[in-house]
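As given, the protein sequences belong to chains A and B, one line each in that order.
Note that my numbering has the first sequence beginning at 86, numbered continuously upward.
Note that my numbering has the second sequence beginning at 5, numbered continuously upward.
Think of the hints as simulated: they come from the structure by calculation, not from any bench.
As the structure is a prediction and not an experimental result, all values here were calculated from the model.
You may find that some hints are simply not true.
As the list claims (entries may be wrong) - When the alpha-carbon atoms are kept at most 35 Å apart in a straight line, the in silico DSBU-like pairs for lysine-lysine are as follows: (1) B:LYS89 / B:LYS30; (2) B:LYS105 / B:LYS231; (3) B:LYS30 / B:LYS105; (4) B:LYS89 / B:LYS250; (5) B:LYS30 / A:LYS266; (6) B:LYS223 / B:LYS91; (7) B:LYS404 / A:LYS150; (8) B:LYS262 / B:LYS30; (9) A:LYS273 / B:LYS91.
Said to hold, decoys possible - Far from chain A, some chain B residues (derived; all Cβ distances over 12 Å): (10) ARG157; (11) VAL210; (12) LEU366; (13) SER390; (14) GLU397; (15) GLY447; (16) ILE465.
Beta carbons: idealized from backbone N, C-alpha and C, even for Gly.
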Amino acid sequence: MEPFVQLLGVSKSFGGAAALHPTDLDFQPGLTTALIGPSGCGKSTLLRLIIALLLPDRGRVLFDKEEVTEANAQAVRRRVGYVIQEGGLFPHLTARANVLLMSRHLGRSSGETAERLAELCALSQFPRPALDRYPTELSGGQRQRVSLMRALMLAPEVLLLDEPLGALDPLVRSALQRDLKEIFARLKQTTILVTHDMGEAAYLADEIVLMNEGRIVQRGNATDLRDRPANEFVSEFISAQRSAAF
Amino acid sequence: MKIGLLLGLVATSALAADPVVVGSKKFTESYVLGEIAKTVLQQAGFPVQERAGMGGTIILWQALRGGQIDLYPEYTGTVGEEILKTKEDLTGEEMRQALAKFGVGMSDDLGFNNTYALVVRRAAAKRIGLQTISDLRRHPDLRVGLTHEFLDRQDGWRPLTSRYGLTMPNVNGIDHALGYAALARGAIDLKDAYSTDAKIQQNDLVVLRDDLRFFPEYKAVFLYRLKLDPRAITALNHFGRIDEAKMTSLNAAAERTKNYAYAASLFFQDTPNDAVPGRGLAPQLFRWITRHLELAGISLLFSILIGLPLGIAASRGRAVGQGILAVVGMIQTIPSLALLALLVPVPFLGISATTAIVALFLYGLLPIVRNTATGIQDIPPALRDSAAALGLEPGARLRKIYLPLASRTILAGIKTSAVINIGTATLAALIGAGGLGEPILSGLNLNDNATILEGAIPAAILALLVQGIFDLLDRFLIPRGLRL
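This is chain A alone, in the form it adopts within the complex (with noise of 0.2 Å):
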């Protein structure tokens, strides 16, 4: 199958330090594939570079067979949802006006966006009367989940997700986890998930691609990376992380 999302040989430094080397990847379309690694390890940069937050310094990105660039950036991520730690909410807007900022910006019919957002409260489990809350007055949890609301308002044709549940304590995680997953089964998206969470990454993910100081260690699902290392660093990193989900 046609990749949806290629990375070729794109690289990107800051300052003369290299956050990413130069790297060759591509994403299947409907697949969820789970980018790990410690931090500092490019996972972050390589998700910014495919929205051009980031322009590679090397390399090209392409988003549906086309090269992204600096002039079709708006045009791209509008067809890409971003989730990010935290939410990155607006905190000027309601839950509401931040869920329906782009269509609202966009001139979409209110008839359509209410039956969305209807949509979108049932899938995200998000209870309707908190729409008219702040962010501020939203528990972490409910945040991240109007947050997902954010990125699917649109039905991106990629969702891309830079450490969605990191700031969450561990029920409310799991919690979830347990959604995200089913959200992820229901739509059948092409999903990229950044993670430094081994037993999230296997959880969620049904590809992980391990990644260490800017380069691609391994590829693989859960199983192939705890049985058959291609490293030591791999190993390691499979051991330290061990958990619940293993």
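With chain A's structure known, arrange chain B on it following the hints.
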């Protein structure tokens, strides 16, 4: 009588469009002469606009040449020395010819000479037989207190002593107003004065006759634009003469009542009317406050309109941002008086409310530019990423996300500008732009604290009110989500 009335009506209807603008300098006598000119012109059927207490010679002269005023009271000595800058003793006719080159005319002299003079206590003069300056030769031991200006002037103390051959060792510099107090109490015996100072009469002093004619003549005249209606010029030349005693008493009345218009009215009354009319503080205060708010409000509006985009540009950092903040910061360090002085010669500004508004606008920029830049820069990177990742165009990001998020900081900057503007607008009176600075300036001039407070208290209350109103505005302008 009827014909006069008819003529008056004709004149009024013919001239109703443009009022004659009367300026005056920032001291009692000039204010009073300005009021007299106003009455004379009004009686001749001209609408008159006053620009009282505009400042010193240079400002008035420039305003006259620039057409911002049509006439103001001046002195022949000043015309020769400061305006035409000549050392020669010009006759009135020679002065008129020289002034005509600037499009300016000079009226007949008003009837009094307000020159420098030396004054002593009347009782002391009688006791030791002092009448002329020459008489001082017999009294070298008198204690002399002179203004610093008189000590230094070309037509001041040193040339005077050499002309008269005086040797007086006990000479000290002292402020003009304090000098009068010192003389009255007997701490000094002799001081310099203007020959029509009200204090001469009030303190029972006498002027020593300038028997060697040392002091140049400072005859009062009106300088006017030659374009002024000839009927107005005729009126200014034929309203009667003011002699020195009369002028001194008018000045005294002005200082006693703090009311220049009333003092001027005494000149036109055959029988002096002792009843000082109520000054109508309320309507006057209303006029000052409206003008003040107009000056501060318009300038603030422009500060916001220009400051916001500048702040947005500065928030991007780099050389341009640094440059903007540096320039705006530099403007703030220019003393307000100096800024006004710098703006007055600029074409289209001159002596006007516009100049005051421009100065206030410039002062209002820094807080708005800096707070806008800081407010936007302080937005967390995660929120910037979120805004970009949604696919909002840069303009929409600014409008829908960045500006609302920075609104609290931006509004704080606007609030600071508003309060600074209310305070600084009092200086607008220096260039005749009115506002609450007017009573403050004339109070300073009259050394009258009550008059100063008439301007200072409302200005302070206004500043507090403006602050309060902006605090209320916060509730509407800062999104609720940021106030939780």
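Taking the hints in turn, this is what the structure says about them:
1. B:LYS89 / B:LYS30: The hint holds at about 22 Å.
2. B:LYS105 / B:LYS231: holds, 13 Å
3. B:LYS30 / B:LYS105: holds, 27 Å
4. B:LYS89 / B:LYS250: holds, 30 Å
5. B:LYS30 / A:LYS266: violated, 83 Å
6. B:LYS223 / B:LYS91: Judged against 35 Å, a Cα distance of about 17 Å means the pair holds.
7. B:LYS404 / A:LYS150: At roughly 32 Å apart (the allowed maximum being 35 Å), A:LYS150 and B:LYS404 satisfy the hint.
8. B:LYS262 / B:LYS30: holds, 14 Å
9. A:LYS273 / B:LYS91: violated, 99 Å
10. ARG157: Fine: 66 Å to the nearest Cβ keeps B:ARG157 off the interface.
11. VAL210: Fine: 77 Å to the nearest Cβ keeps B:VAL210 off the interface.
12. LEU366: Nearest chain A Cβ is 32 Å from B:LEU366, so the label holds.
13. SER390: With a cut-off of 12 Å, B:SER390 comes too close to chain A, as the shortest Cβ separation is near 3 Å.
14. GLU397: violated, 6 Å
15. GLY447: Label holds. Min Cβ-Cβ 48 Å, cutoff 12 Å.
16. ILE465: holds, 34 Å
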